[in-house]
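S.K.: Residues per chain are reported as follows:
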Amino acid sequence: MVRKKQEGMSTTREQILNAVRANQPALKVLPEVVIPADSINLQAKFTETLTTIGGKVIKAGSYGDIIDYIKSINKAGDRVISSVAGLSDVILSGNTSPLPHSLQDVELAIIKAHFGVAENGAVWITEYLLSQRVLPFICQHLIVILNADDLVANMHQAYEKIGNEHYGYGTFIAGPSKTADIEQSLVLGAHGSRSMTIFLIKPPSD
Amino acid sequence: MHTETKDHAELADVFNKNEARVDWHDETLWWIRQKRDKAVNHLPEWELLRETASQIKDNVLSNLAGYLVQFEENAQKNGIIVHWAADADEHNNIVLGLLHSKGITKMVKSKSMLTEECHLNDYLENNGIEVIDSDLGERIVQLAKEPPSHIVLPCIHKKKEEIGDLFHLHLGTPAGNADPQFLTETARQHLRETFLTRRAALTGVNFAVAETGEFVVCTNEGNADMGAHLAEIHIASMGIEKIIPKRKNLGVFLRLLTRSATGQPITTYSSHFSKPREGTEIHIIIVDNGRSKQLGREDFRNSLKCIRCGACMNTCPVYRRSGGHSYHSAISGPIGAILAPNLDMEKYADLPFASTLCGSCSNVCPVKIDIHQQLYKWRQVIVQNGYAPAGKKAAMKLMSLTLSSPTAYHIGGKAGRFVMKYAPFAVNNKLNLWYKQRDMPEPPKESFGEWYAKNRKA
Numbered sequence: 001m002v003r004k005k006q007e008g009m010s011t012t013r014e015q016i017l018n019a020v021r022a023n024q025p026a027l028k029v030l031p032e033v034v035i036p037a038d039s040i041n042l043q044a045k046f047t048e049t050l051t052t053i054g055g056k057v058i059k060a061g062s063y064g065d066i067i068d069y070i071k072s073i074n075k076a077g078d079r080v081i082s083s084v085a086g087l088s089d090v091i092l093s094g095n096t097s098p099l100p101h102s103l104q105d106v107e108l109a110i111i112k113a114h115f116g117v118a119e120n121g122a123v124w125i126t127e128y129l130l131s132q133r134v135l136p137f138i139c140q141h142l143i144v145i146l147n148a149d150d151l152v153a154n155m156h157q158a159y160e161k162i163g164n165e166h167y168g169y170g171t172f173i174a175g176p177s178k179t180a181d182i183e184q185s186l187v188l189g190a191h192g193s194r195s196m197t198i199f200l201i202k203p204p205s206d
Numbered sequence: 001m002h003t004e005t006k007d008h009a010e011l012a013d014v015f016n017k018n019e020a021r022v023d024w025h026d027e028t029l030w031w032i033r034q035k036r037d038k039a040v041n042h043l044p045e046w047e048l049l050r051e052t053a054s055q056i057k058d059n060v061l062s063n064l065a066g067y068l069v070q071f072e073e074n075a076q077k078n079g080i081i082v083h084w085a086a087d088a089d090e091h092n093n094i095v096l097g098l099l100h101s102k103g104i105t106k107m108v109k110s111k112s113m114l115t116e117e118c119h120l121n122d123y124l125e126n127n128g129i130e131v132i133d134s135d136l137g138e139r140i141v142q143l144a145k146e147p148p149s150h151i152v153l154p155c156i157h158k159k160k161e162e163i164g165d166l167f168h169l170h171l172g173t174p175a176g177n178a179d180p181q182f183l184t185e186t187a188r189q190h191l192r193e194t195f196l197t198r199r200a201a202l203t204g205v206n207f208a209v210a211e212t213g214e215f216v217v218c219t220n221e222g223n224a225d226m227g228a229h230l231a232e233i234h235i236a237s238m239g240i241e242k243i244i245p246k247r248k249n250l251g252v253f254l255r256l257l258t259r260s261a262t263g264q265p266i267t268t269y270s271s272h273f274s275k276p277r278e279g280t281e282i283h284i285i286i287v288d289n290g291r292s293k294q295l296g297r298e299d300f301r302n303s304l305k306c307i308r309c310g311a312c313m314n315t316c317p318v319y320r321r322s323g324g325h326s327y328h329s330a331i332s333g334p335i336g337a338i339l340a341p342n343l344d345m346e347k348y349a350d351l352p353f354a355s356t357l358c359g360s361c362s363n364v365c366p367v368k369i370d371i372h373q374q375l376y377k378w379r380q381v382i383v384q385n386g387y388a389p390a391g392k393k394a395a396m397k398l399m400s401l402t403l404s405s406p407t408a409y410h411i412g413g414k415a416g417r418f419v420m421k422y423a424p425f426a427v428n429n430k431l432n433l434w435y436k437q438r439d440m441p442e443p444p445k446e447s448f449g450e451w452y453a454k455n456r457k458a
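So the sequence lines, in the order shown, correspond to chains A and B. Read in order, the letters of the first sequence are residues 1 to 206 in the UniProt record's numbering. Read in order, the letters of the second sequence are residues 1 to 458 in the UniProt record's numbering.
For reference, chain B alone in the conformation it holds in the complex (with noise of 0.2 Å):
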């Protein structure tokens, strides 16, 4: 793709070609982000919830080395086949092992973020393997050859027109048919002879219990389920990081997810996987990928808390008004931008400046991740090595010139105030980044500094 070298700013230039289409994403995220404030307001306890939860994963964070062993430990008691991961590629290669072993050719999935990350989808391909999403979102986004653009809603930021054309093109639907209940009705028939045909299933872990070995599954279609219990072997994909020490820790977080993502009070179904039933397997795959690394990192560790809802991209607006693929990584939003730095500091040095810094992804935050505050901090670590983008660079170096010399500020203050009163071009055109999207002010007549000296003498 190459979009690979385009960065945030150039991506959301381009999602901001359509002004309508903005503002509808907009809205439709800002109408979420509505549903989470009344499902939370119903709940008293809420901010002890949050607070709860966020002490457990301190918790957890602090002791994950043993956390990860005692769940492995009951896993294996219980009859699941545990392996551990590094990297990406290793983790593409178990479940590539693990299909060969057992001649199977196709798959199907249900939602994992993780995957996402790993690019296993492409990595099955490439090696003769064919998967199907299952999850209608992702089902979407597939057929559309994309990625999600959300975490939690993986095809927002499509129109129905756009995915009715999809289904006439790939599942046979009638041209221009663009009724949501007709195109799930049609999904649903599609991906039943999938569940019932395939006989390799992964799915993601939202939780999994250090203290008996379970990980739970949450979906509100049913699809990990379907997927799980038709086939011969449930293949589970979780970072090392969706450790939970004990079994009634559930009620905390299952409480908070789905509250947080869409304002349900749960996800429809929320299923417990402990042993495999008879005859079948299920095999989980631990994963690194640079989480152990950001353990390390103190400013950011915290974004390991992470339980994945959204709430902070449905709020943030910055993401409502640039749209997920300007993030350019698998998980977008601003969770994704402190997350995304740690894997390829280069890569994605653009992201934690795609914020203006308001604070409500903190807000929201079910784990209360000090999110905002971490997009700050990566300002600094990009900048002290080395990636900041060229302009901003230069711009910096500018300011901190004319912030440090009091003749330099005076001088630079006058010309500004005469540059936007006479000549304005000068200043609004394409090479002033912030005169994109914004009209620039009007120019005061004098300083504070002038205004202050004339008044002071009167």
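Chain A with its partners taken away, still in its complex shape (with noise of 0.2 Å):
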């Protein structure tokens, strides 16, 4: 329902859809959109693309490989943070306050994501991942641990297999955060994370 703001004047609401209405030109249909994929190695074009967009694309055979590599990097005393099963030997969360804010000293996080997209990089994540939206952007360096079987060619495939999902908040992340708004220098690190680790997760095969 429309409160009206003043008896007798209309809503802006009806004001502008009025002039929308009048104004708009007879209905044009919908296109379907017809792009087929092409038919590529997914892992070695989302690794190409990825590691020339600042990331970085490690395979790994299983969670072992994430934990020696994290313990190969992290200094002692840096705030690890993940809600991954399986990864507590490497986590040191330190304060538990649920404030966004109170994850401001994260050093490093390790999110998984649902999948990856091979023509640009990006994995796609939902807050169903995530403690709170704000940690892949406020940590200083973001792993993200994928299925190397979840990847698709492009974005429309990415679309068709989000589908109808309802999330609450949803987000392509395609390497570290990044300007060039210094005289076009690419500079790695602006706002959001410095560094982008991907962790392709493939068991060996029998």
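The hints are simulated quantities; they were obtained by calculation from the structure and are not laboratory data. Any given hint could be a false lead.
[What the hints assert, rightly or not] Derived Cβ-Cβ restraints for the label pairs, each shown as a range:
hint	chain 1	residue 1	chain 2	residue 2	range
1	A	Lys-75	B	Asn-177	21 to 29 Å
2	B	Lys-102	A	Lys-75	38 to 46 Å
3	A	Lys-75	B	Asp-122	40 to 48 Å
4	B	Glu-278	A	Thr-52	48 to 56 Å
If you're wondering where the values come from, they're calculated on a predicted model, not measured in any experiment. All residues carry an ideal CB built from backbone N, CA and C; glycine is no exception.
Take the two lone chains, each set in its own frame, and fit them into one complex as the hints suggest.
M.R.: Structure follows, in structure tokens:
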């Protein structure tokens, strides 16, 4: 129900909608998007694209590989956050406040992604995979765990996969935060994470 | 600002005083255009994507009222509060009202060309609200007290040394340090403090999906997300034309947007906001501000398809050599020149003339707006409405007189060749606008008519 602002006067909403209705042209059909995906090696393309835009891709056979890697890069006392089961060996979660601001000193966050997109190196993440929406942005460094089989070729396939899923918040993340606002010089680490490392998990086949 | 009274040509003159700088500006933007070409050439389906995007936007414009209502309904179902604003004043008022209702006096903002169009920052500051722009380029022009000169690259007109000086003055960096890495790191620290302490964040909207009531915000820096996810109230401002019908249409537009803008395959972050996080609010302000009027102008309605990639600016030979500020409008370049006259035909009468009509803008436009044809059509409309610049009017009258009479044409031609040969100073002076930044051609000895008459006899 639209509440009238003043008796006898139409609301701004009605004014705008009436003006639009009066001026919009005759209906044109919404086209179907028929753009076939190239048959490409998804892993190779994903790795190449993400590397080009400043990300890093590491192939792993198990979580053990990820734990070893994190131990090799971490300094003692670094705050490391993850809600991924199986990584408790490397977690140092510290502050347990429910405020997103309490994540401001997170050095490293490790999250999972639903799937990756080969054409642009992006991974799809919904808040279902995040303790806080701000986590992948506020951390200094970001590690994303992705099943090597969960890759699609392009964005049309990506949205096909997302379908009608309900989420409060979802985002495609493609590489580290960056800017080229100063004389077009590319600098990694603008406001979001300074680095993004993706572990492509593929258990060794028997 | 006194620049309000100057037209594009006069403002371009100011920019053109420093030739080395013009060359640098020109080359930088052309380099971005080349990056766009490289990215585009990787996709065999590029033209199909452009055509599809253009047709989706045709559908949007033909059913805009229906989609707006559908979007509103779904956004409300998701717990988003929707506001409508007929013009800039109403938009600014709504923002101020929301901040007042929460007792908030400081806000962080990510890039929104709509709020530039509405002059929101000035309005809020005059009403006691501090606004900090968080996109690095926007923060830089904000510190310089200038408007952005480009919709995607707000401070593309600035040299790093000038940015170093600004940071020295405002953020206390060492004098003379102009290293982009160092300056960006300084901005990161300074703005992190801002994000963590602001209760309100305002963002723009790249796409609003009617089917789901969600909206998408694209950034490379992550500033929109840092602001929105730490604030208790997120205000998102969108023009009515940002609507797209279905979620899957995002696949088409996200593939086109950054490839056209900077040559990237996608922005670092493409964030989909559907519901507010617990204990917080999301408000969307849907703004008309002249767009419904433009929708009614058959020749110009396609300009509403624009997804604000900036490709038309990067490729434009006039934009590259005159700078964004010469357009004295929030949105500069070719697309700005067809949007601005709709808002104020008299004030922006000069803009459609700031073009060579070469058509490069239309060729790179990801949604196939016929930009150069609209520039040409605006010229007719502006002249018919009596807003043509006086010098242009006089010249056109003389031209029309000369071309409509064979005698006048022949005498005029002879006189012109005589003057250019014996008295070149009569045309090589400041009164002749064509002489500016150009050399006049060598006059031919005779006209084609004279040559033909002579040679046919032989």
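S.K.: Compare the structure with the hints numbered earlier in the document and write down the numbers of the violated ones, lowest to highest.
M.R.: 4
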